[in-house]
Amino acid sequence: MTGACRGCSGQALIETAITIPVLLTLLLSFLLAMVVAQAYVDVDTATSLAAAAAVSAPANNDALSGQFAQKTYDGTLRRSSYLEPGSLDNCGGYQAGGTVTCTGHATIFLSRTPMAILQPLDANWHVDIQATATGYSSPYRST
Amino acid sequence: MLLPVGPHQGGQSLVEFAFTIGSFLLVLFGALSTALYAVQRSAAVTAAAAGVRAAASAQSSSASSVDLGAAGPLVSDRLQPVLFGTTLDQEPPGTPCDSLDSIRPGHLEVCATLDPTDASMVLVVVRGRPYDLFPIVPLPWTIDAPAEFHRVTFQR
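Here the protein sequences line up with chains A and B, keeping their order.
So in the numbering used here the end of the first sequence lands on 143, straight run, no missing numbers.
So in the numbering used here the end of the second sequence lands on 1156, straight run, no missing numbers.
FYI, nobody ran anything at the bench for these hints, they're computed from the structure.
By construction, the Cβ of each residue, glycine as well, lies at the ideal position given by its N, Cα and C atoms.
One thing to keep in mind: the hints can contain errors.
As the list claims (entries may be wrong) - Short derived list, chain B residues pointing at chain A, Cβ under 7 Å:
(1) S1023
(2) V1027
(3) H1150
What the hints assert, rightly or not - Derived coverage of chain A by chain B (criterion: at least 3 residues anywhere in the stretch with Cβ under 8 Å from a Cβ of chain B; other residues may be distant):
(4) 24-38
(5) 51-64
Unchecked claim - Computed, partial: chain B to chain A, Cβ under 10 Å:
(6) A1038
(7) S1042
(8) V1125
Could you build the full structure based on these sequences and the hints that come with them?
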């Protein structure tokens, strides 16, 4: 018996219909993991800078120290289209020679990225992330 | 029951194999491209952070002025090992980066300025379009990594 078997073309179509979405999902998953990892890098870097900025203000000045940190944190994160900075906790005053440990929060809005097609039913698909960093002040820092 | 292979079935296998290997290579190179981009972007973010801390510090010759020129060489040193064929252009201190649309593919710019909306803040940006090592997967990678820091200057 020779020639194409009955139903073979249909079988190839089904195989393709299964394979292509699986491959696309795999590729988008790589991109998704990369986006989330990059957001962690961004938030970690912004929090480290904020902690360093907090201890660059004069010692024993809670308000100025917190303001330096907040402006640094917001300024570093504000330009992203899908990563929004949240609160910056415990990033306030310090005594000369002391430390400041900040916790930065942010939200990744995956619904604003091409990976949104992985969650078509969630128009507000997001992930909350946080990072902690410590700034060490000089014992000779003036007030 | 085993059937003999028909005259068209060898060709069909070849076409199926071509599609499969094509898709596989697309995903493989896409993943490699993604991994390289992630490395480059992470390095750009940390390099910008290191650069902004240097730029926000006072100059050795003037305790009341920020040292915007310190950022470029520092960022360049940090990024050099992961450029993968990308050209790094250092803008003169105080000159803002071009918009992403006007930066040529394969080029990154480093610029250090005062924040235009708040002169008490120093802004260092690494921005551009890294060189595409896998042009068969034309993913539109761009880098726009800003870092801001409050100026650390002194007045008598």
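TODO: Count residues of the segment 24-38 of chain A with a Cβ under 8 Å from any Cβ of chain B, then say if the count reaches three.
DONE: holds (count 7)
Task: Restraint check, 10 Å cut-off on beta carbons, for A1038(B) near chain A - done: Since the shortest Cβ distance to chain A is 5 Å, the answer is holds.
Task: Evaluation of the interface hint that places S1042(B) against chain A, nearest CB under 10 Å - done: 5 Å, holds
TODO: Against chain A, run the beta carbon of V1027(B) and see if the smallest gap drops under 7 Å.
DONE: 5 Å, holds
TODO: Report holds or violated for chain B covering the segment 51-64 of chain A, Cβ cut-off 8 Å, minimum 3 residues.
DONE: holds (count 4)
- [ ] Closer than 7 Å between Cβ atoms is the bar; does H1150(B) clear it against chain A? Give me holds or violated.
- [x] Hint holds; H1150(B) Cβ to chain A Cβ min 4 Å, cut 7 Å.
- [ ] Go through the hint on V1125(B) and say holds or violated, using the shortest Cβ distance to chain A against 10 Å.
- [x] Given a least distance of 8 Å, the restraint on V1125(B) holds.
TODO: Please verify that hint: S1023(B), Cβ, nearest Cβ of chain A, below 7 Å or not.
DONE: 5 Å, holds
Comparing the model with each numbered hint stated earlier shows that all of them hold.
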